[in-house]
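S.K.: Each chain, written out:
2 protein chains.
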Amino acid sequence: MIAVVGLGKAGLPIAATIAESGIRVIGVDVDAKRCEMINQGVNPIPEEEGLDELVRKHGGKSLVATSNYEDAERCKAYIIIVPLYVDEAHNPDFKILESAFRSVGRILNEGDIVVLETTVPPMTTESLAKKWLEEESGLKLGEFYLAYSPERIMTGYSLSRLREFPKVIGGVDEESGRRAYELYKKFVPNLHLVSNARTAEFIKVIEGCYRDVNVALANELYKIAEELGIDFYEARRFANHEYCHIHLPSTGVGGHCIPVYPWFLIKEMERREKFSNAKLLKVAREVNDEMVGYWAEKIVLGCMAVNKPLNEIKICIKGITFRNGVKELYHSRNLALARLLMDKGLNVFVYDDLFTEEEVEELGLRWMEPDRADVVFDCFSLRLTLKDHNEMLIQKF
Amino acid sequence: MIAVVGLGKAGLPIAATIAESGIRVIGVDVDAKRCEMINQGVNPIPEEEGLDELVRKHGGKSLVATSNYEDAERCKAYIIIVPLYVDEAHNPDFKILESAFRSVGRILNEGDIVVLETTVPPMTTESLAKKWLEEESGLKLGEFYLAYSPERIMTGYSLSRLREFPKVIGGVDEESGRRAYELYKKFVPNLHLVSNARTAEFIKVIEGCYRDVNVALANELYKIAEELGIDFYEARRFANHEYCHIHLPSTGVGGHCIPVYPWFLIKEMERREKFSNAKLLKVAREVNDEMVGYWAEKIVLGCMAVNKPLNEIKICIKGITFRNGVKELYHSRNLALARLLMDKGLNVFVYDDLFTEEEVEELGLRWMEPDRADVVFDCFSLRLTLKDHNEMLIQKF
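Protein chains in written order, with my numbering: chain P, 1 to 397; chain W, 1 to 397.
Worth flagging that the hints you see were computed from the coordinates, not collected in a lab.
Cβ coordinates follow ideal geometry from the N, Cα and C atoms, glycine included.
All clues given are correct.
Reference excerpt, derived from the structure (chain P facing chain W, CB under 7 Å, subset only):
(1) I203
(2) E207
(3) F238
(4) I246
(5) N277
Below, simulated BS3-like cross-link-like pairs (lysine-lysine); rule was C-alpha separation at most 30 Å, straight line:
(6) K344(P) <-> K279(W)
(7) K298(P) <-> K267(W)
(8) K267(P) <-> K298(W)
Please build the complete structure, drawing on both the sequences and the hints.
M.R.: And the structure:
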């Protein structure tokens with residue numbers, strides 16, 4: 001019997017996958033209502049393809065959700081997959097993680113194994129996680145086992161990723177690695193044991209860094225192309241080939257993952273006073289975060305070509321989620337763009353297929369259908385549409 | 001009959017490819033000795049796979065080389081593919097390019113077409129090249145045609161690249177684009193007409209920028225991995241997949257191409273006072289250029305673990321070319337590394353499979369076989385080998 005601590009977007013797919021493999025799962029989540037849904041066979045993450053079926057099949061049967069850690073006491077293995085947030089200064093806030101580990105520590109028995117899946121700064125498992133478990137359990141590493149295996153989910157495709165994508169796992173010591181590998185092998189087909197937990201942690205973080213730096217490169221090249229009067233998308237189509245993978249430009253990088261991971265490395269290097277070891281990562285973060293300002297300026301320039309006084313122009317920001325098709329606003333650059341334009345005193349409305357008028361208003365924003373606006377900026381296609389405007393003026397920008 | 005101006009590593013493969021397609025070629029090159037070789041059917045670039053055969057077959061027959069532009073006067077099409085160097089301040093030095101264009105301009109007739117292949121800053125074809133041709137020929141664009149099509153060769157694979165790789169072409173006006181496309185279609189199977197010359201120029205440059213930034217990212221992540229005690233290569237192996245392409249670390253980026261192209265965009269943005277438009281490109285250049293210093297420090301630290309006084313330690317830098325297997329030293333970071341260590345007063349020798357002892361000495365360097373040295377740094381594998389050293393000390397670094 002395996003316990004999965006955290007039944008969110010990352011935890012539930014893995015809990016369901018384990019249940020589907022024939023192993024009984026106790027899922028622990030602080031959200032009692034969510035647990036109840038799962039136990040009734042109702043999937044709380046409908047956008048996750050294939051999850052409805054698995055939760056219907058296993059919820060309340062071989063996958064039992066609970067808010068009470070003691071219900072998981074008889075488990076021999078604990079998988080921890082709870083969120084890690086970062087504060088305003090980009091430092092990770094370990095509160096939730098610490099609470100989960102300490103709770104598991106309190107019910108930990110000799111011979112048990114704990115595997116962390118949450119993306120964390122390298123060395124978190126061997127230092128903090130180990131300490132929390134030892135302090136609460138009274139056991140020493142060696143009496144229990146501890147490993148790290150990063151989730152590689154992507155909302156909407158998490159189940160197929162678990163089935164098909166390579167997954168790495170590494171122990172804080174050799175025996176932990178070996179045991180964790182044997183455990184995961186039962187439900188992850190494409191599994192790779194790496195040298196240690198630290199390496200596994202690093203693997204996940206650098207994957208995110210690759211994405212962040214390459215989105216920054218795309219954004220920078222987009223700005224240069226615009227400046228030179230070149231169609232970036234045309235150039236990108238022909239520049240890309242087997243060895244060249246220029247990404248797509250955007251309003252920046254949002255969500256819980258990509259904009260957060262580079263900071264894990266930047267902050268660690270700064271702590272060690274190795275500032276020059278992370279300067280590319282840092283500038284990439286800047287470039288991406290500055291894109292909101294770039295688009296705001298484009299939109300304001302667009303407004304200047306509309307045949308109306310600026311304060312009468314209705315601007316609609318279309319698409320406020322951090323990624324197209326995922327109803328999630330965490331560090332959404334599109335939402336930041338709407339708020340930045342509002343701060344400039346402009347007449348801003350938002351529209352998003354995934355949000356009702358009421359939900360938009362609850363966010364302190366005004367809702368409008370794009371058709372009724374004078375200026376529409378589509379955050380995903382980056383297209384700016386102007387109604388009744390002076391084309392001559394636009395050419396000049 | 002087509003003239004190819006410049007029979008170097010980029011020009012000769014294209015001249016030979018055109019000859020092989022059944023079109024007669026006049027090749028123009030300032031190097032009379034090189035022309036003679038070609039006319040005798042001897043390939044001056046033996047490392048280029050398949051070129052021996054083509055030069056033997058066509059040299060002096062359908063591919064006639066000359067140092068005299070007037071011999072190319074009856075050609076209706078001119079392909080210019082001469083080097084463009086950059087000065088110490090990273091500004092392009094157009095001297096060679098200008099000379100080639102002006103020489104072609106003097107023999108240009110109404111209806112002729114000129115295509116530039118050299119990688120240049122975007123807008124060079126429509127501004128400088130057009131001006132040079134107009135001034136020398138007395139003709140106006142429209143009376144002649146002008147286009148740009150970037151070479152995408154890679155020494156050793158240039159012929160197969162010309163046969164298989166997508167190649168783009170764009171005119172400074174629509175008619176030029178159309179005519180250039182028809183011309184090139186005769187000998188380039190995978191050809192794509194793009195909006196204009198400027199776009200074609202940009203395509204080539206951003207491909208290089210992708211490489212430079214991604215090598216910088218690999219170098220930065222390598223440094224972080226070292227700092228954290230993680231095997232970068234192991235992490236990279238598992239981080240990379242269909243959507244993640246972390247490159248290999250190195251001593252930096254050398255050669256005529258990749259380290260030069262980002263500066264084309266950086267300098268243009270600086271000229272326009274759009275400094276923030278190219279800051280990622282600029283930091284990537286810095287990160288790559290600083291790698292020589294990084295490795296020098298590693299080597300010095302390695303020396304400290306050798307059981308000998310520092311001034312008696314023989315250091316061998318293995319591999320001095322800018323790229324493994326290509327006998328070319330332009331902006332070689334490996335050579336820069338050897339010189340940096342010499343500047344520190346260390347006892348430095350170099351070794352390279354592609355250079356004889358005499359050739360090494362002509363460069364003002366001392367030659368030594370790696371076996372005889374106390375410390376060997378292999379610039380391509382980045383492996384540091386120490387003879388008779390204190391292993392305990394090494395662990396500490």
